[in-house]
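Chemist: Take a look at the letters that make up each chain.
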Amino acid sequence: MSSTSPARPKIIRGSVLLYRGLLALGPGAFRRDYSIPALQDFRQCLIDAHRKRGFFGVIALWPLLFGEALSGLLAAYSREFFGRKQAILPTIRRSMIAAFWAFVLFGIAIIALGRITDPAAPFDAVGRVHPEVGVAYSIIVYSWEIALLAIMLGGLPILFVALKRAIPGGQLKALQLFAIKRRHALVLLGDRAADHDMFPGLSAGDGIYLRSAIMHCLQWLHSRATFARHRGQFRGHRWRHYALRLRDPGNHCLALRSGTAQ
Amino acid sequence: MRQAHPDPDAMLPLTSAVFNILLALADGERHGYSIMQEIAAQTKGKLRIGPTTLYRSIKHMLEDGLIVEADERPDPALDDERRRYYRLTDLGQRVAVAEAQRLEQTLAVARSKSLFRNFMPTAPEKGA
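Residue numbers (this note's numbering), protein chains in the order written: chain A, 100 to 361; chain B, 39 to 166.
These are calculated hints, taken from the structure and not from any lab test. All C-beta atoms in this analysis are idealised placements derived from N, C-alpha and C, irrespective of residue type, glycine included. Possibly wrong hints are sitting among the right ones.
What the hints assert, rightly or not - Capping the alpha-carbon separation at 27 Å, the derived lysine-lysine pairs in BS3-like fashion look like this: (1) A/LYS280 / A/LYS263; (2) A/LYS109 / A/LYS151; (3) A/LYS151 / B/LYS151; (4) B/LYS84 / A/LYS151.
Claimed, not checked - Just so you have them, the derived chain A footprint on chain B, three or more residues with Cβ under 8 Å: (5) 45-54; (6) 76-90.
With the rest of the complex left out, here is chain B (with noise of 0.2 Å):
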């Protein structure tokens, strides 16, 4: 595996894929299937990755060394042996901060922008 990259400002941007594994991993370890099911619920099912990219994707991530494959499982009495845990590295974490920190960058750009002003309810007005 390679080395943590030192900075990770450097792997970004992240594919949207990659972004939402991060963030299904976030809350603890997860097995494939359990990563799609949260991706699905995160984002209201606007965004459904199927196995094969989930699998691309988890491998380039194994290679960056944003995740790790975890050798324990959560609850091995119920679970299938075959099931595969991932979890997120220290650099995965860091990785995802700063691609949230890119993304709220650039969505305050946007909501300076008046175009979008009457399309967005939330975006705060001025002298409010």
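So here's chain A without its partners, still in its complex pose (with noise of 0.2 Å):
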């Protein structure tokens, strides 16, 4: 089609031009399935303004048009990162409650080790000998009293909503949030095989590599695992893209995604 095109004004082309970058920015998702359908209705609209009013209906296009890809594109974006209807991603809630009673578990272990050291005056007798001492166990505990704060108002809303989620799905699904995945277990697992209490014979920089190695192995498991799930939506795709490139390459896009390039 657009071999057989006439030439455009270089008001519509430059429009055009300017539309096609703003896109560019766009999610590539909207990018990927919407750009060339939006592109082309955007410039059937100012072909039509003008022809009805010359340059100056183009002009006075602009804001409506250039306004509302900048804000759709905003709201795209945002629409990819946060979803519509799901505040957060279940991966990401899942973490981030891990995260929070991870905190509370740490928080507990800290009362605990101040009440074994120094029930009374923690650190009080080491703390008049070196004041330096006192003074960074002091900041400690501010500082752990400031996140757990920031984190208990963080976080408890976050547990709030995401209960209130998983609950209508069932209580399996609300126990789940607080389970953890099996891969997440082989990572804790490896972890802490590969501290050097249980290898003596490594120093802690060893343990280090060693925990880098199963975590980097754990993840190309994980990651041919999903490829073997799939394998079949990837078959021939490659090959057909590039066919469909050489055959038509202003078109093979729209061809490959709806299904009928052969």
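Need the complex rebuilt from these two chains, each delivered in its own frame; the hints are there to steer you.
Modeler: Written as structure tokens, this is what we have:
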């Protein structure tokens, strides 16, 4: 179609170029699926406006078209990042809850530690001899209290919303929020195994390398498993894509998407 | 694509763009630019949506199962082959009706208020 279309006025070509650039800033999924029809309709709007009112008709459309393009792309980004009906992705939600509970457990451990060391006045004896230790301990305690308050303020609403959404799905769904995945459990076990206490021959530095290697192996295994699960969807896709691009450079994306290509 | 939602009321209220797209498709299949023109016509130019808003709304509506992409073109010989046509689904029709009923109910409430009586010539007067 584009090869047979007549030469357009410069103002239309310039506007289309500008709009194309604006669309290129949009989210990938939207760009892939809708940039071609959106560009086509945008061009059609400008052609109609130019036919009716000439150059100034096109200029008059700019605030509407570019304004809505900007706001629309921002909204598309917002949806991509935060979702529309679900405020946060389940994985992120689960991770945040896990982090929240981890911090609560850490807080309990700190309290326990404080009670064990010096229930009446923590590090008092040491603090008298070494004031810098006392100051450091106070800083740690105050920091922990501020961080706990922030996490409670931020974490409790997340926990509340997550539970509220999960409860209608059944008790199991609510419990699943607090469960960790097998992959995460393996990472934790691997981490423990890499601890130099379990392998006396390893230094702390070696343990870090071993942990990193275990995590990379698990990640690789996970990606292989995901690919194997969806292999049917990927089969032949790449070759089809190249063949279509060679045959019709302008139209291969649409044809591929709609499944009309042979 | 998501499964058809059993309860159209759960999808209300619709945004102005989505409701007008549903209305534009109520008479049959249309492509993007035709939808934009129909919306401008049916709102007497008061609502004009651009291509970005249109396709963003279409994307959401496809995901929600309110519309589907039509396989056949009304007139393949005359039309640009790259154009995509959309049509209402059964759920889309039910959601459009539910939204219209909701707006009608709101309008009835507005008409019953004395504040609006002087500004709405079509409002039925008591005892008339």
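Chemist: What hints, given by number in increasing order, does this structure fail?
Modeler: Those not satisfied are hints 3 and 5.
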